[in-house]
Amino acid sequence: MKTSAKRGHRSRIALVNAVPVTVFLLVLFVYPIIGVLSLSLEGDSGGFTFHWYIDALSGVNLSVLLSTLRISAETAVLSLLVGFVLAHAIARMRPVFAALAMLIVVVPHFISALVRTYGWIIMLGEHGLINTLLTSAHVPGAPFSLLYNETGVVIGTTSVMLPYTVLILQGVMRGVDGRLLAAAAGFGASRLTIFRRVYLPLVAPGIGTAGLLSFILCLGYYITPALMGGDKQTVVAALIDQQVMKQDQWNSAAAFGVILLLLTFAGLGVLGLARLRRKRTHQRRSSS
Amino acid sequence: MMELPPTRAGHIGRALSASAILLFLALPIVIILVTSFGADGIGTFPPQEYSTRWYQQMAAPGGNWATSIALSSLIAALTTVFSLILGVTAATALARGRLPLHAAVYGLVLAPMLIPQVVIALGLFLFFEPAGMLGSPLAIALGHTVLAAPIAVLIMISTLRGIDERLEDAAASMGASRMTIARRITFPLATPGLIAAAIFSFITSFDEFFIAQFLSTPDTRTLPVLVFNALQFDVDPTVTAVSAVLIALAILALTLVALVRKLSGHRNTQGGVLPVEPLT
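Top to bottom, those sequences are chains E and L.
Residue numbers for the first sequence follow full-length UniProt numbering, so the first one is 1 and each next one is one higher.
Residue numbers for the second sequence follow full-length UniProt numbering, so the first one is 1 and each next one is one higher.
Rather than coming from a laboratory, the hints here were simulated on the basis of the structure.
The reader is advised that the hints may include incorrect statements.
Unchecked claim - Derived SDA-like pairs (lysine to any residue); straight-line CA-CA distance at most 20 Å:
hint, chain 1, residue 1, chain 2, residue 2
1, E, K246, L, D219
2, E, K246, L, Q232
3, E, K246, L, A248
Construct the complete structure from the given sequences, taking the supplied hints into account.
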């Protein structure tokens, strides 16, 4: 009796406490996004139109969208590769070094992306540290142009996304049961085979999550592309900023916003489906 | 994890690649710190001559930088208050209670972390512009709370989950009222989490660029907006000193969080403080 009274009391308390955040986010998050959606479907003189979407998906606008997708994909792949190497190394370090390495991964994450981007700008310039080093080492072709082009943008955004991928991969790698690998070795599998057939499948979910997450986060990212990309390298978020701040093209900006939103939902949907499938396989295995 | 005996070549290869990647993460920050003490104004590295003139220029009272630092601090303080209120209540509902529609509320709380910030910023612009609230510190703080509250909620959820409920039950069985339990048991145990949530809300707001950019007017530019403009248009060398201060602030904040957690006997310093956690 007493427990059910406690339960009833708990759900009342929970309901009351859930109100502030729900109301706040409905008013200042959901409602404004609905505003963006309705603006993107509104003609110049009111009424319903797909004009802004057609406009966003043609000509120069389409090429901005495509280059945003390309930069996001490049960043996702690169931060996944680099993140995998680092996470894998950290997983095998002695605890003291591993903790130190994680510190170097996590601390930059909390330092303003603006500041880190500025650091890259100083480093990658024609007379920056990297080119000075490469030139004095007589690397052929140096100095390279590493700034105000796509190379610069991808280097910069990768350094911003890297903490996410390392943390996610660290999580799954720590969960890998070393006995499985040892067992495979006991049956005579080579290192490469163990890596490919045992280790990779075990960490695959983390790879998928980390890659998709950095892709999604890149889609709407702005600071690094805007500062390191120069005039030609516009991304969707920069275009939205320009359209609102300089050209008063709100409907068009809204249409781009909704396109970003749909792409994000698509990515999250893939993540959710993959998780659901894994869960189902687990259940089937454990029930049989 | 991997319990296979390491090979020597593999060991060296891993150590080298890991060091290179860690350097890749740390170098931009080190470069800024060193450059900020350079006497010439063009951000050469390493500087020919050292001075603190950019720091003096930044701190000059009444200047652009000092004004925007004050504005950003005010907005960040407001954001902290808002997101602590939302964080504590929401975490109580999500971590402790039996909440109907639990998944829906949890999803709503996490959504602002994943939705492109430019869309949130545009939405808030459309929301505040008709109300004539562009440039209002309150509007910017409310906007920042959309991003900071989810982090505060996650930290508070992991804090509340870490508190042994039997302590509260024990107090209740000895006749303590709900108020007394909250005041004497739950609150003291949750304090480290509260401090962490406050610090992360503060930095989230202090560093936030996009929403501030959309909601600001030329008279009310937060520090990140000013830094962004300085980097994009002018070559105001003061920005190196400002950046160095932002770095110092972030490191100070993280040290504080680690310290509080250590003093309160928390083992896991990373648990619940990173926005990536719900996704793993």
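Hints, verified against the model:
no.: 1; hint: E:K246 / L:D219; verdict: holds, 17 Å
no.: 2; hint: E:K246 / L:Q232; verdict: holds, 15 Å
no.: 3; hint: E:K246 / L:A248; verdict: violated, 34 Å
Taken one by one, the earlier hints fail for this structure only at number 3.
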